[in-house]
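Going down the list, the sequences are from chains A and B. Residues in the first sequence are numbered consecutively from 1, following this note's numbering. Residues in the second sequence are numbered consecutively from 1, following this note's numbering.
No lab work stands behind these hints, which were simulated from the structure alone. This structure is a prediction, so every number in the text was calculated from the model and none was measured. Heads up, some of the hints might be wrong.
Pairs count within a copy or across copies, as identical chains cannot be separated in the list.
[What the hints assert, rightly or not] Calculated pairs, EDC-like style, for lysine to aspartate or glutamate (alpha carbon to alpha carbon, straight line, at most 20 Å):
id	residue 1	residue 2
1	LYS190	GLU73
2	LYS305	GLU32
3	LYS95	GLU326
4	LYS253	ASP138
5	LYS279	GLU242
6	LYS6	GLU27
7	LYS82	GLU254
8	LYS33	ASP3
9	LYS294	GLU126
10	LYS196	ASP151
11	LYS36	GLU321
12	LYS123	GLU189
For reference, the chains in residue letters:
Number of protein chains: 2
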Amino acid sequence: MADYVKVALDAMGGDHAPAEVVKGAIEAVNEEKKVKIFLFGDESRIRQELSGYTYDSAQVEVVHASEVIGMSEPPVNAIRKKKDSSIVKGMAYVKQGECDAFVSAGSTGAVLVGGQVLVGRIKGVERPPLAPLIPTADGVTLLLDCGANVDARPSQLVQFAKMGSVYMENVVGVKDPKVGILNIGAEEEKGNALVKETFPLLKNCPDINFVGSVEARDVPLGAVDVVVCEAFTGNVLLKTYEGVGATLISAVKEGMLSSVRSKIGALMVKPALKKTLKKFDIEQYGGAPLLGLKGLVVKTHGSSKAIEIKNSIMQCVTFKEQHINEKIQEKITLTDPS
Amino acid sequence: MADYVKVALDAMGGDHAPAEVVKGAIEAVNEEKKVKIFLFGDESRIRQELSGYTYDSAQVEVVHASEVIGMSEPPVNAIRKKKDSSIVKGMAYVKQGECDAFVSAGSTGAVLVGGQVLVGRIKGVERPPLAPLIPTADGVTLLLDCGANVDARPSQLVQFAKMGSVYMENVVGVKDPKVGILNIGAEEEKGNALVKETFPLLKNCPDINFVGSVEARDVPLGAVDVVVCEAFTGNVLLKTYEGVGATLISAVKEGMLSSVRSKIGALMVKPALKKTLKKFDIEQYGGAPLLGLKGLVVKTHGSSKAIEIKNSIMQCVTFKEQHINEKIQEKITLTDPS
Numbered sequence: 001m002a003d004y005v006k007v008a009l010d011a012m013g014g015d016h017a018p019a020e021v022v023k024g025a026i027e028a029v030n031e032e033k034k035v036k037i038f039l040f041g042d043e044s045r046i047r048q049e050l051s052g053y054t055y056d057s058a059q060v061e062v063v064h065a066s067e068v069i070g071m072s073e074p075p076v077n078a079i080r081k082k083k084d085s086s087i088v089k090g091m092a093y094v095k096q097g098e099c100d101a102f103v104s105a106g107s108t109g110a111v112l113v114g115g116q117v118l119v120g121r122i123k124g125v126e127r128p129p130l131a132p133l134i135p136t137a138d139g140v141t142l143l144l145d146c147g148a149n150v151d152a153r154p155s156q157l158v159q160f161a162k163m164g165s166v167y168m169e170n171v172v173g174v175k176d177p178k179v180g181i182l183n184i185g186a187e188e189e190k191g192n193a194l195v196k197e198t199f200p201l202l203k204n205c206p207d208i209n210f211v212g213s214v215e216a217r218d219v220p221l222g223a224v225d226v227v228v229c230e231a232f233t234g235n236v237l238l239k240t241y242e243g244v245g246a247t248l249i250s251a252v253k254e255g256m257l258s259s260v261r262s263k264i265g266a267l268m269v270k271p272a273l274k275k276t277l278k279k280f281d282i283e284q285y286g287g288a289p290l291l292g293l294k295g296l297v298v299k300t301h302g303s304s305k306a307i308e309i310k311n312s313i314m315q316c317v318t319f320k321e322q323h324i325n326e327k328i329q330e331k332i333t334l335t336d337p338s
Numbered sequence: 001m002a003d004y005v006k007v008a009l010d011a012m013g014g015d016h017a018p019a020e021v022v023k024g025a026i027e028a029v030n031e032e033k034k035v036k037i038f039l040f041g042d043e044s045r046i047r048q049e050l051s052g053y054t055y056d057s058a059q060v061e062v063v064h065a066s067e068v069i070g071m072s073e074p075p076v077n078a079i080r081k082k083k084d085s086s087i088v089k090g091m092a093y094v095k096q097g098e099c100d101a102f103v104s105a106g107s108t109g110a111v112l113v114g115g116q117v118l119v120g121r122i123k124g125v126e127r128p129p130l131a132p133l134i135p136t137a138d139g140v141t142l143l144l145d146c147g148a149n150v151d152a153r154p155s156q157l158v159q160f161a162k163m164g165s166v167y168m169e170n171v172v173g174v175k176d177p178k179v180g181i182l183n184i185g186a187e188e189e190k191g192n193a194l195v196k197e198t199f200p201l202l203k204n205c206p207d208i209n210f211v212g213s214v215e216a217r218d219v220p221l222g223a224v225d226v227v228v229c230e231a232f233t234g235n236v237l238l239k240t241y242e243g244v245g246a247t248l249i250s251a252v253k254e255g256m257l258s259s260v261r262s263k264i265g266a267l268m269v270k271p272a273l274k275k276t277l278k279k280f281d282i283e284q285y286g287g288a289p290l291l292g293l294k295g296l297v298v299k300t301h302g303s304s305k306a307i308e309i310k311n312s313i314m315q316c317v318t319f320k321e322q323h324i325n326e327k328i329q330e331k332i333t334l335t336d337p338s
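Just chain A, same shape as in the assembly:
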């Protein structure tokens, strides 16, 4: 029992909860014997979903939570008031050490606020960045911060660089990951006040592989492994990424179905194209971790299907087994430039 990686899962969060969330949990436990899932939410609805599956019951536990935090509720208030919500109860399990990680497809704001307030930061971490992996031409890149903590300070960006490096090296397996600061030109003198102040700090940071500025246009090419930026800009980059990708892919599909001739052609290119587009499908990579917390919190897309839930759970296993938080703690404490 003690060897399980224990994941608290918000069974009520996201557009397809609880059905797809429970399905993802079952797919995870059936693939990975080391994981145990705690499903938080309406017990009877969860049990009803569970009744359709075969799985090792030692790997799944249901914890009743009578409340749900809605997608558009003001997060600070919701976290404070809804003590019996799946998010607040699930995070409490992480805080108390009964679970190692928490995964939710629910309200981003509530997950971010709850992560800081309920789970708490690792000592020395100023801000926990939300750090999604984004697909690139030759793999994935970690983008941080994409969270709600806008208007960051330079010292915080330096911590993002360190935490991102630990994650890419140990969870994704990229040796000596290249770190770039998001900028509007390649030269050191380019940028806004924040970038100009942060650049020399990153340059002088001994334990990361800082390669300088990275322009947004080079991010999809995989120019660097870790992109460091302030949360407002990071959010704009991430959402543009998703928006342009989705719009282009649907335009390509629509274009291919516009004539009889192209419809036949579309059938022939479909298998090959599917493989290509799958690489750019953000669901393949699971949710985004909120780094620097005492325990792991993973936020998956509101639109998450079972596959993304499963991948998010798998990420928690690697995170725990690779001792990411211990490594973050060490990196933050040892070389804090401030």
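Got chain A; can you put chain B on it based on the hints?
Same frame as chain A, now just chain B:
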């Protein structure tokens, strides 16, 4: 003669100068009898290019400029020192009223600095934003500012909204264009300090159609006609747009050529797909205007081919004929909220 729209063209700017620039100029004069092009640059090289074309010689004039400002030269210094460069001389023609507009595919920095320093701002305009049109699912959207003037103030963003509205209504022909402020959520309380301060100003601005916040993911869908933001963020959005588009399109092409079966299919979908992708091809829309100057300055991509140069010239014609600057002047003066 007096009826010509006179465009100063930097014949030495961009990756394909002077050949493609001259070609674009000739295509423009052969299509539009009302335009006269002044080609600035190395006279003998320009004349050599011109010798291959048939055109009305009254519509083309060559003005020798012995210097070229390089893409990576520090712009302020280059504008100050290289008095005989194609950019400085071309802009001087606009300043002196000998030309109505200036078009360049050369150094963005030099064009932005030159626009402000040499051409000068319309009275009351705090900052001239660089305002590219970006393709969306159902048309185009104007994104401003994407220039080099980062860390803008709220009053400047309000001016961007006004100038952008004038441009979309009169150059692109969108009636009562919808203006959105780029934000990381739809709610009014979301955003960084700049957005929170600007939001109420835009809301209270009587002569624009402000619809609230727009998330980056909804920009490609054409959610609004004018997106207002600070230049650093705007540049990140624009470059992500271009980068993801280019990466995805090349991945789609590569995917389609990965098997014999898909290669045959690719031939069949090609005509239909070409039409679709053309819509997302940024070159179709000509360069980005620098709004709020006494005269028009248009910056086209460094990689511009003849088609983009021609479209940029055509944009100058509409700009002049629609009296955009007079309309901007009026809007800025009448309702300045500061």
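Cross-check of the supplied hints:
1. LYS190 with GLU73: between (39 Å within a copy, 13 Å between copies)
2. LYS305 with GLU32: Result: close within a single copy only, 19 Å intra versus 54 Å inter.
3. LYS95 with GLU326: within (16 Å within a copy, 62 Å between copies)
4. LYS253 with ASP138: Result: close only across copies, 16 Å inter versus 23 Å intra.
5. LYS279 with GLU242: Classified as both: same-chain Cα gap 13 Å, cross-chain 19 Å, threshold 20 Å.
6. LYS6 with GLU27: within (15 Å within a copy, 67 Å between copies)
7. LYS82 with GLU254: neither (44 Å within a copy, 50 Å between copies)
8. LYS33 with ASP3: within (10 Å within a copy, 80 Å between copies)
9. LYS294 with GLU126: So LYS294 and GLU126 pass the 20 Å test inside one copy only (13 Å; across, 47 Å).
10. LYS196 with ASP151: So LYS196 and ASP151 pass the 20 Å test inside a copy (14 Å) and across (12 Å) alike.
11. LYS36 with GLU321: within (14 Å within a copy, 70 Å between copies)
12. LYS123 with GLU189: Classified as neither; 33 Å inside a copy, 30 Å across copies.
Taken one by one, the earlier hints fail for this structure at numbers 7 and 12, listed in ascending order.
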